[in-house]
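K.L.:
Each chain, written out:
2 protein chains.
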Amino acid sequence: MNQKNCMVAQSGGPTVAINASLAGVIAGVAGSSVYHTIYGSLNGITGILNNDFINLTELMEKDADNLTRLAQTPAMYLGSCRYKLPNYLDDDSPYVFIFKQFADYNIEAFFYIGGNDSMDTVLKLSEYGKHIGSPVRIIGIPKTIDNDLCETDHTPGFGSAAKYIASSLLEIAHDTFIYAVKSVTIVEIMGRDAGWLTAASALARNSYNTAPHLIYLPEVPFDSEDFLLDVKRLLFERNNVIVAVSEGIRDASGNYISASEQSVDTFGHSQLSGAGKTLEFLVKEKLGVKVRSVEINVLQRCAAHLASKTDLDESFALGKKAVALSEEGVTASMVTLERVSNNPYEVSYGYAEIKHIANEARSIPLDWISPSRNDIEQPLIDYLAPLIVGEMPITYQNGLPVYMDVSHLSKH
Amino acid sequence: MNQKNCMVAQSGGPTVAINASLAGVIAGVAGSSVYHTIYGSLNGITGILNNDFINLTELMEKDADNLTRLAQTPAMYLGSCRYKLPNYLDDDSPYVFIFKQFADYNIEAFFYIGGNDSMDTVLKLSEYGKHIGSPVRIIGIPKTIDNDLCETDHTPGFGSAAKYIASSLLEIAHDTFIYAVKSVTIVEIMGRDAGWLTAASALARNSYNTAPHLIYLPEVPFDSEDFLLDVKRLLFERNNVIVAVSEGIRDASGNYISASEQSVDTFGHSQLSGAGKTLEFLVKEKLGVKVRSVEINVLQRCAAHLASKTDLDESFALGKKAVALSEEGVTASMVTLERVSNNPYEVSYGYAEIKHIANEARSIPLDWISPSRNDIEQPLIDYLAPLIVGEMPITYQNGLPVYMDVSHLSKH
Chain A
29 MNQKNCMVAQ SGGPTVAINA SLAGVIAGVA GSSVYHTIYG SLNGITGILN
79 NDFINLTELM EKDADNLTRL AQTPAMYLGS CRYKLPNYLD DDSPYVFIFK
129 QFADYNIEAF FYIGGNDSMD TVLKLSEYGK HIGSPVRIIG IPKTIDNDLC
179 ETDHTPGFGS AAKYIASSLL EIAHDTFIYA VKSVTIVEIM GRDAGWLTAA
229 SALARNSYNT APHLIYLPEV PFDSEDFLLD VKRLLFERNN VIVAVSEGIR
279 DASGNYISAS EQSVDTFGHS QLSGAGKTLE FLVKEKLGVK VRSVEINVLQ
329 RCAAHLASKT DLDESFALGK KAVALSEEGV TASMVTLERV SNNPYEVSYG
379 YAEIKHIANE ARSIPLDWIS PSRNDIEQPL IDYLAPLIVG EMPITYQNGL
429 PVYMDVSHLS KH
Chain B
29 MNQKNCMVAQ SGGPTVAINA SLAGVIAGVA GSSVYHTIYG SLNGITGILN
79 NDFINLTELM EKDADNLTRL AQTPAMYLGS CRYKLPNYLD DDSPYVFIFK
129 QFADYNIEAF FYIGGNDSMD TVLKLSEYGK HIGSPVRIIG IPKTIDNDLC
179 ETDHTPGFGS AAKYIASSLL EIAHDTFIYA VKSVTIVEIM GRDAGWLTAA
229 SALARNSYNT APHLIYLPEV PFDSEDFLLD VKRLLFERNN VIVAVSEGIR
279 DASGNYISAS EQSVDTFGHS QLSGAGKTLE FLVKEKLGVK VRSVEINVLQ
329 RCAAHLASKT DLDESFALGK KAVALSEEGV TASMVTLERV SNNPYEVSYG
379 YAEIKHIANE ARSIPLDWIS PSRNDIEQPL IDYLAPLIVG EMPITYQNGL
429 PVYMDVSHLS KH
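Taken in order, these protein sequences are the chains called A and B.
Each number in my numbering corresponds to the 1-based position in the first sequence with 28 added.
Each number in my numbering corresponds to the 1-based position in the second sequence with 28 added.
By construction, these hints were calculated from the structure, which means they are not laboratory data.
One or more hints might be untrue.
Where chains are identical, the list cannot tell them apart; a pair therefore holds if satisfied intra-copy or between any two copies.
Straight-line C-alpha distance at most 20 Å; calculated EDC-like pairs for lysine to aspartate or glutamate [unchecked claim]:
1) K383 / E253
2) K439 / D148
3) K305 / D181
4) K305 / D80
5) K158 / E381
6) K314 / D181
7) K337 / D410
8) K439 / E265
9) K210 / D221
10) K314 / D119
11) K158 / D403
12) K128 / E366
13) K32 / E89
14) K337 / E374
15) K32 / E86
16) K210 / D80
17) K210 / E313
18) K90 / E374
19) K439 / D181
20) K318 / E355
21) K305 / D251
22) K314 / E388
23) K318 / D279
24) K439 / D258
25) K158 / E136
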């Protein structure tokens with residue numbers, strides 16, 4: 029068989045945009061004069077190890093709507109994994125098997141869509157491929173709601189999560205204003221080490237709404253006494269105080285404000301919960317005011333009905349770009365977004381070497397955070413604002429969004 | 029002044045439809061040949077006691093889009109209260125003041141939009157009004173996400189909350205399917221005494237998704253051992269088990285499965301939290317499987333961006349109906365919905381005497397719940413399905429929904 033094929037997989041935590049990137053890869057292959065078939069590996073690279081594939085080219089041919097529907101479907105169509113490849117110098121057996129699969133399926137290029145940890149896999153596969161002189165191009169496509177990948181202006185999945193956070197804060201604000209009694213509402217938002225998503229809550233502020241009134245990010249030390257003073261001061265000026273807080277806030281010694289569920293995942297990340305709850309109890313105990321906490325939880329990363337069109341269009345374009353770059357021979361890289369201008373908002377697509385990216389995390393620049401450590405500065409708002417613009421024309425049936433059939437995952 | 033005016037207020041917990049009912053009342057008065065001005069009392073009836081009003085007729089004249097925008101705005105435009113009128117035989121002072129305000133403002137009819145507790149206020153005002161021979165018509169307009177008001181087929185606000193729950197369950201399901209490892213996801217849904225909203229999670233089931241796999245409602249005793257057996261059995265058949273549980277589930281003795289935050293509000297209702305968290309810990313301890321809980325929290329009652337068009341149209345129509353009934357002299361009543369047919373779905377608008385409604389709560393009929401107490405029957409699904417149909421054409425600006433300016437509430 030002289031066909032040149034591609035393979036793609038998804039990995040890490042879900043976003044509402046990762047299937048748009050997958051759709052972009054599929055569209056890129058469909059429009060390519062070089063490639064024939066795109067295979068999807070189920071559950072990240074473990075699908076390659078388990079011989080678990082889907083022929084995505086055939087899947088798209090079944091229904092003309094499938095590509096669009098796929099792009100708008102939340103979570104990962106191909107499933108995910110949190111599998112960390114060993115160092116090939118310690119154990120090269122998975123590598124040998126993976127590259128044999130590449131050979132058997134005539135794979136010219138492999139695309140891995142994921143976050144930091146997935147880029148580590150791209151780095152490792154690239155290094156091994158180079159080591160054995162393999163021609164297979166290995167390209168990473170970014171993904172994360174945390175927006176913390178280096179070398180790219182922002183990441184697919186972030187804009188939609190930010191839109192969800194900002195819309196939810198606005199709706200929570202409306203909900204909070206109805207009672208003419210003093211109250212504090214603490215909203216806990218995802219963000220283990222970077223506060224980008226929590227900062228996006230500021231976009232809810234408008235001509236009649238000043239909430240969130242306080243924003244606490246993991247980039248700066250959190251002080252409980254300062255927090256209580258901030259809240260007390262605001263309660264003099266207004267009835268309802270709304271606080272946005274990142275799940276990853278920590279004190280000056282680096283201890284998370286709450287780590288009640290101290291379990292650790294495969295990559296060594298602490299499983300956090302409870303910063304909002306902890307602050308709720310603190311406010312109740314020290315200030316005695318009516319207080320509630322809202323943990324936005326998983327909904328902020330899978331609410332595809334409120335995806336950002338800017339985000340999904342860019343995610344799709346990045347998938348296509350990865351395919352185009354692989355045709356040019358680019359490898360050991362991640363596709364990237366560069367912001368050409370903000371007003372009007374314009375981006376361009378490029379790539380960066382994977383060694384600069386894997387296992388690095390990008391935090392908010394400190395001068396974008398207020399010196400009082402409880403708010404953000406205008407440059408950060410200007411950075412965030414264009415990313416949430418535009419709504420997806422989701423199809424509804426019987427009152428529910430129409431997403432891709434994921435029987436291949438759900439029936440296990 | 030010979031003008032005949034009306035007054036309206038909102039009370040209790042918010043929904044995404046209560047402003048649609050308010051808009052319906054305003055539209056009813058605007059189209060009336062009898063009434064001139066509609067005044068809104070801020071923060072429920074406490075606005076009448078504090079002389080805190082808005083001229084809603086003037087407000088609508090300021091901008092042609094205001095009525096539509098109001099109908100689509102979450103929470104309560106007029107603010108809310110949880111104030112319980114005393115028995116007038118014990119203390120008639122608030123009543124004397126309220127009816128004097130009615131006289132001063134030439135109020136012919138007073139509309140109170142709210143749930144069970146608000147209907148108690150309608151009952152009390154009606155009884156006092158009758159006692160003093162007042163001609164003021166007092167009419168209640170139903171509202172609650174719990175769907176537990178008697179005499180009406182369903183309640184405004186419920187359909188939208190149900191749409192949000194069903195859509196979220198579908199999106200959570202997509203999120204859950206991505207890992208090929210055993211896991212349990214417990215979704216805690218609002219519903220202190222009635223399981224209508226939790227039951228709506230079943231609408232997420234479709235051709236590829238069977239979740240939620242288990243549904244636990246407060247109408248039937250919850251047994252922890254049976255629950256664990258249910259989960260264990262399902263984990264043999266599939267990787268990902270998703271459970272929908274009402275916040276108000278209780279054991280055979282009537283004790284809530286969790287009552288960690290045992291505070292009590294003005295009407296004597298326990299403030300519940302933690303059924304989902306309690307079950308998460310139970311599963312972790314007894315089954316040792318990966319488990320997480322999601323408490324949907326306040327978002328299920330204020331996510332106006334995902335409102336049900338069926339719900340909002342009916343809520344608006346009920347507001348108009350209340351005005352029309354007041355012109356006919358109806359008083360001491362609540363407007364109601366009657367389901368004429370299900371296929372096609374059709375309703376009619378009527379009213380019922382308030383004494384049959386106030387302080388009563390309507391639960392799910394037991395034959396609509398599975399004998400195994402962990403699922404619901406087809407008649408309940410058929411009842412729920414039409415209520416979530418249709419989407420509202422929300423206006424977005426800069427990526428966020430455009431709602432009514434609530435400065436009059438938010439600046440306090």
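K.L.:
Are the CA atoms of K337 and D410 at most 20 Å apart within a copy, between copies, both, or neither?
P.N.:
within (18 Å within a copy, 34 Å between copies)
K.L.:
Quick one: K210 to D80, C-alpha cut-off 20 Å, is that within a copy, between copies, both, or neither?
P.N.:
between (57 Å within a copy, 18 Å between copies)
K.L.:
Could you figure out if K337 and E374 sit no more than 20 Å apart (CA to CA) within one copy, between two copies, both or neither?
P.N.:
This pair counts as within: shortest intra-copy Cα distance 14 Å, inter-copy 36 Å.
K.L.:
At 20 Å max between alpha carbons, let me know whether K383 reaches E253 within a copy, between copies, both or neither.
P.N.:
For K383 and E253, neither the intra-copy (41 Å) nor the inter-copy (52 Å) Cα distance is at most 20 Å.
K.L.:
Taking 20 Å as the upper bound on the Cα-Cα distance, should K158 and E381 be classified as within, between, both, or neither?
P.N.:
within (14 Å within a copy, 81 Å between copies)
K.L.:
Given identical chains, is K210 near E313, meaning Cα to Cα at most 20 Å, within a copy, between copies, both, or neither?
P.N.:
So K210 and E313 pass the 20 Å test inside one copy only (15 Å; across, 39 Å).
K.L.:
First find the shortest C-alpha distance between K210 and D221 inside one copy, then the shortest across copies, and answer within, between, both or neither for a cut-off of 20 Å.
P.N.:
neither (32 Å within a copy, 28 Å between copies)
K.L.:
Indicate which option fits the pair K439, D258 if close means a Cα-Cα distance not exceeding 20 Å: within, between, both or neither.
P.N.:
So K439 and D258 pass the 20 Å test across copies only (18 Å; inside, 50 Å).
K.L.:
How would you classify K305 and D80 at a CA-CA limit of 20 Å: within, between, both, or neither?
P.N.:
Neither way: K305 and D80 sit 41 Å apart in one copy and 35 Å across, limit 20 Å.
K.L.:
Should K158 paired with E136 be assigned to within, between, both, or neither, using CA atoms and 20 Å as the limit?
P.N.:
within (14 Å within a copy, 85 Å between copies)
K.L.:
Are the CA atoms of K314 and E388 at most 20 Å apart within a copy, between copies, both, or neither?
P.N.:
neither (39 Å within a copy, 38 Å between copies)
K.L.:
As a check of your reading, is K90 near E374 (CA-CA no more than 20 Å) within one copy, between copies, both or neither?
P.N.:
neither (35 Å within a copy, 37 Å between copies)
In this structure, the hints that do not hold are numbers 1, 2, 3, 4, 6, 9, 10, 11, 12, 18, 19, 20, 22 and 23, in rising order.
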